[in-house]
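Colleague: In case you want the letters, here they are:
2 protein chains.
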Amino acid sequence: MRGTTKLALALSAGLMLPAAAMANEELLKMEKDPALWSQPAGNYANTRYSELSEINAGNVGSLKVAWTFSTGVLRGHEGGPLVIGDTMYIHAPFPNTVFALDLNDNGRIIWKYEPKQDPDTIPVMCCDTVNRGVAYGDGKIILHQADTTVVALDAKTGAVVWKAVNGDPKSGSTGTSSPFVVKDKVIIGISGGEFGVRGSVTAYSLADGKQVWRGYSMGPDADTLLDPAKTTHLGQPVGKDSGTATWEGDQWKIGGGTTWGWYSYDPALDLLYYGSGNPSTWNPAQRPGDNRWSMTVFARNPDTGMAKWVYQMTPHDEWDYDGINEMILADIPVKGADRKALVHFDRNGFGYTLDRVTGELLVAEKFDPAVNWATHVDMKTGRPQVVDQYSTHAQGEDVNTKGICPAALGSKDQQPATFSPRTGLFYVPTNHVCMDYEPFRVSYTAGQPYVGATLSMYPAPGGTHLGNFIAWDAGEGKIVWSNPEPFSVWSGALSTAGDVVFYGTLEGYLKAVDAKTGKELYKFKTPSGIIGNVNTYMHKGKQYVAVLSGVGGWAGIGMAAGLTEDTAGLGAVGAYKALSNYTQLGGVLTVFTLP
Amino acid sequence: MRGTTKLALALSAGLMLPAAAMANEELLKMEKDPALWSQPAGNYANTRYSELSEINAGNVGSLKVAWTFSTGVLRGHEGGPLVIGDTMYIHAPFPNTVFALDLNDNGRIIWKYEPKQDPDTIPVMCCDTVNRGVAYGDGKIILHQADTTVVALDAKTGAVVWKAVNGDPKSGSTGTSSPFVVKDKVIIGISGGEFGVRGSVTAYSLADGKQVWRGYSMGPDADTLLDPAKTTHLGQPVGKDSGTATWEGDQWKIGGGTTWGWYSYDPALDLLYYGSGNPSTWNPAQRPGDNRWSMTVFARNPDTGMAKWVYQMTPHDEWDYDGINEMILADIPVKGADRKALVHFDRNGFGYTLDRVTGELLVAEKFDPAVNWATHVDMKTGRPQVVDQYSTHAQGEDVNTKGICPAALGSKDQQPATFSPRTGLFYVPTNHVCMDYEPFRVSYTAGQPYVGATLSMYPAPGGTHLGNFIAWDAGEGKIVWSNPEPFSVWSGALSTAGDVVFYGTLEGYLKAVDAKTGKELYKFKTPSGIIGNVNTYMHKGKQYVAVLSGVGGWAGIGMAAGLTEDTAGLGAVGAYKALSNYTQLGGVLTVFTLP
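Protein sequences, first through last, are from chains A and B.
In terms of our numbering, the first sequence opens at residue 193 and continues consecutively.
In terms of our numbering, the second sequence opens at residue 193 and continues consecutively.
Treat the hints as calculated values from the structure; they're not laboratory data.
Think of the CB as a built atom: it goes at the ideal place given N, C-alpha and C, for glycine as much as any other residue.
Mixed in with the good hints, there may be bad ones.
[Stated by the list, open to error] Lysine-lysine pairs mimicking DSBU-like chemistry, simulated, CA-CA at most 35 Å apart:
(1) B:224 / A:732
(2) A:732 / A:670
(3) A:769 / B:734
(4) B:224 / B:711
(5) B:708 / B:224
(6) B:572 / B:594
(7) A:715 / B:734
(8) A:708 / A:221
(9) A:532 / A:734
(10) A:715 / A:221
(11) B:708 / A:734
(12) B:711 / A:734
(13) B:224 / A:304
(14) B:708 / A:256
(15) A:711 / B:734
(16) B:732 / A:256
(17) B:734 / A:734
(18) A:769 / A:224
[Unchecked claim] Chain A residues, not near chain B, derived (Cβ > 12 Å throughout):
(19) 355
(20) 442
(21) 572
(22) 592
(23) 670
[Unchecked claim] Just so you have them, the derived chain B footprint on chain A, three or more residues with Cβ under 8 Å:
(24) 263-275
(25) 299-309
(26) 593-605
(27) 712-719
(28) 768-776
With the hints as constraints, model all of the structure from the sequences given.
Modeller: Right, dumping it as structure tokens:
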């Protein structure tokens, strides 16, 4: 009963909203202007592609640093700058300082906003105190703080317009993802899958911060905003209470499926896309069943939150292969036919191409040959064919299952890929890391880690390198070229009409490669390791490329948090130990241009 | 009696040493190789001049950043890198991490040394947790830690060779100055004038860290290593116990005169030069008399510590005009005659030119026209003619004396100037700041601040700018050109055979100006405000310029320590408040070269 009432309320709230909303139109217009970088991903489609071509494959080798800016904060700097007019907006990890910088004066500070947050939030952040950036809409800069507070700041002055609270760090909820502005709403995800947080996506009014709807990853239909008859999974209705039916008892209430990745939106279809994370705990024996809808791609109506379709990539996860990586929307030929595609490089090591209208599964192929936990994805059922040897459930509790590829941080983590419509290729920062995984029984206490697994990580067999930067044909599901990197590529990539692809490395290099061949055309050692996303913009008729360096994140958690045990940082510390021979902490924006 | 014994011991220790020592010869050879930057000041003469000319006034405008490196430490980064062969050595403020960086691989870390120090040392550091750099000698890198520990590290491996302890932070002693290697010794100064520390200079054996001699700034002759008959002050013997004779009672025991500035050495004369700091307390009424030998230039024999001559610039200081700024040794014409000169830009606002053989006073002129506390220096007595209106002693305790120029941080603080033998000019980073000063009675407790004055600081009358970068004719005592800067110039300067002078600004700009005219030829915004010293070197036949940014120091103490009260930071916080509109904390090395 209570559930139904909530569903009805959510629906009516949606229906009361005006059909056309200003922010949406403004952002759609802005994303067509390549001088700006108005959204974290550059555009609603999450392509991270820019039409700028002043910097191109022919001249990128002479790139030089235009100016730099230290954020004054150590630890991992994910995300990247926004550029709106003559102003650049950047952010820092906890305490989540936001800066408006004057592009007319080498980044002089126009305003600075530094929230006061309880430092007790820090230990609740599983994988460094990262933040993936601010969003812009309707004259406001939206910040999603570590403590889950959502703040709208006046873009001109930095004055607080409104605040909303999305969760409670005391129960393990934190904020790391970038806000996503659609129509008259701000879409906010949540982190905390390692603390048994039940993931949800919440829409707040862009005007005043009031909550409009919330859709959980699991729970009764009223919570998940799934329609038993109309919401489909691979073309079939999901049925009643599909978000509880594959769980034992009340485990779904602490079931994970958090939503800390990237969001995309198709204005023609009016659908919002994102993925959900791992089911809780990491010990699969404690949660038999498919654990729907963890590890799932969601396509939701942004006004009401109602899901049109879902697709679960990793039913009953046994490896922490969160499904939260970005969904890139591209109209591409898939096996000979033009499709409205959604392309997603999952942590489980499969590159998925779906029909974004219907959720039909078109392609699912490994984008790292090292992937061994599943032989393939059954294209009818959509299920991966799991290999018993690498099944931590089949091997059992307190058994250390060895040699699983990829490691928990995935063949790719949240670092976003890019799509160039000029080459038709996707450029993907990847990890080439395997793991040993030993699940154990764990009991739930609110606000305490709820992991139940001990991990160690190391390079995939046959080499010592921990990453590759690859070009991917999503229509065929094939690697086109692959550049090995000593460490995982943990930065977001950028492709441009200059047929150059940019990415950063954990040692601190910004690299530019030829979009067609992958040939390295330029590299520059920034002050610290790069886990930020490369962006580009134009100012006074000149193209710039900008990136935050500042090593940290899950791969850099050893350095960021001062951990030294190999199994610390959920297993990442051991694998990335050599990183401290190359770089140190420190958050710095580096802005590049041609001489 | 006890004093005499100590003097005898000190003398005999000196006599037992071998006459010629390897480190000295090695360093003398190294300083002639312009590819290296083997000493913090570039050479024993402290000229900070390089014979390199690949980067010159004609092409410096096309300078670009070669690579960068974050130290992982916030707060003020003073000092600068050393370059020995293919290795660069840099350091950080507390915790005083030292890095050996591989110049063949964009600064990859060869080794890192991070001392464990008691964080309780931090509050004992008056003016940020700065460190002015490491020194090299005989295959060792010498670090002078904040807690006064002196550590010799194997330059190849970073392994600890020896350690010595120079003082006790619990009694207010700290280490901020760079070690200085002369012959077979390491010369170490001490900080803590704001805690009543009695300043001293100590020589340790470069081989094993054993103490060889210690010369105090005040006290009986056995402590000061002044010979009553042979040590002269302006040509006259200083007389017996000159280091206690101008003090009332035992005040000299907590008399200040610390030695935290730069050291220079003339191998032909075999004399070591440096200056001593303010007498303690800052309340002049509590210490009548000249307070010798605070505020004094010392010329000492490096083997024995015995002083050949002294010159007290500011007898009975009433303004905190520490005499610790660098002594630049240059053979220049002075009023028509060639002299072996020592040139010193004192915090008291006078540019002094002395005969460095005899200590004869040749020139003493104001290098900032704003200086008003004294009308002039009497050339016979060497005494400044103090203006009653700005005498905090004459005005009295608990009186707020207004409009004193310069402020306590001086017309120039420790940021070292440079001398170009090509132009014959000295290039001086200066402050253009005045103050109100209210002395009050204070009682001494070991390890507690012993200041006794409340200050506020502000720009000198007639403008809003807080600094100038000037060219100075030390033979005539005249400003040749002066470039105003919005903030004090708190970085060390560099001049080269390319007729370019480099310096950094508190907003973060590295600037290159024409040595003859001062015309700005290049500027680049580094990640943070620059209080480090610009150095240059050659690697694989290419010239590089390197500087540490990382705002802080006394001028940046508000940002570094998070202070907001105008009178905090001994008065500096108010004057430099606008700095946070331009830059944030963060230690980053930026290395420049031509395209």
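Colleague: With the threshold set at 35 Å, check whether the alpha-carbon distance from residue 732 of chain B to residue 256 of chain A stays at or below it.
Modeller: 21 Å, holds
Colleague: Given the proposed pairing of residue 708 of chain B with residue 734 of chain A, does the C-alpha separation stay at or below 35 Å?
Modeller: 34 Å, holds
Colleague: Within a Cα-Cα threshold of 35 Å, do residue 708 of chain B and residue 224 of chain B meet the stated pairing?
Modeller: Distance ~24 Å between residue 708 of chain B and residue 224 of chain B Cα, so the pair holds.
Colleague: How about the region 712-719 of chain A: do at least three of its residues have a C-beta closer than 8 Å to a C-beta of chain B?
Modeller: holds (count 4)
Colleague: CA of residue 734 of chain B to CA of residue 734 of chain A, is that 35 Å or under?
Modeller: 29 Å, holds
Colleague: Check whether three or more residues of the region 263-275 of chain A sit with their beta carbon closer than 8 Å to a beta carbon of chain B.
Modeller: That given contact holds, which follows from 3 residues of the region 263-275 of chain A lying within Cβ reach (below 8 Å) of chain B.
Colleague: Examine the region 593-605 of chain A for residues whose CB is less than 8 Å from any CB of chain B, and state whether their number is three or more.
Modeller: violated (count 0)
Colleague: Are the Cα atoms of residue 572 of chain B and residue 594 of chain B separated by 35 Å or less?
Modeller: 30 Å, holds
Colleague: Are there three or more residues in the region 768-776 of chain A whose C-beta lies within less than 8 Å of some C-beta in chain B?
Modeller: holds (count 5)
Colleague: So if I understand the rule, the pair passes when the alpha-carbon distance is 35 Å or less; does residue 711 of chain B with residue 734 of chain A pass?
Modeller: Holds. Residue 711 of chain B to residue 734 of chain A sits at ~26 Å (cutoff 35 Å).
Colleague: Within a Cα-Cα threshold of 35 Å, do residue 769 of chain A and residue 734 of chain B meet the stated pairing?
Modeller: 33 Å, holds
Colleague: Quick one, are residue 224 of chain B and residue 711 of chain B close enough, alpha carbons at most 35 Å?
Modeller: Distance of about 29 Å is within 35 Å: holds.
Going through the hint list in order, the structure does not satisfy hints 1, 2, 13, 18, 26.
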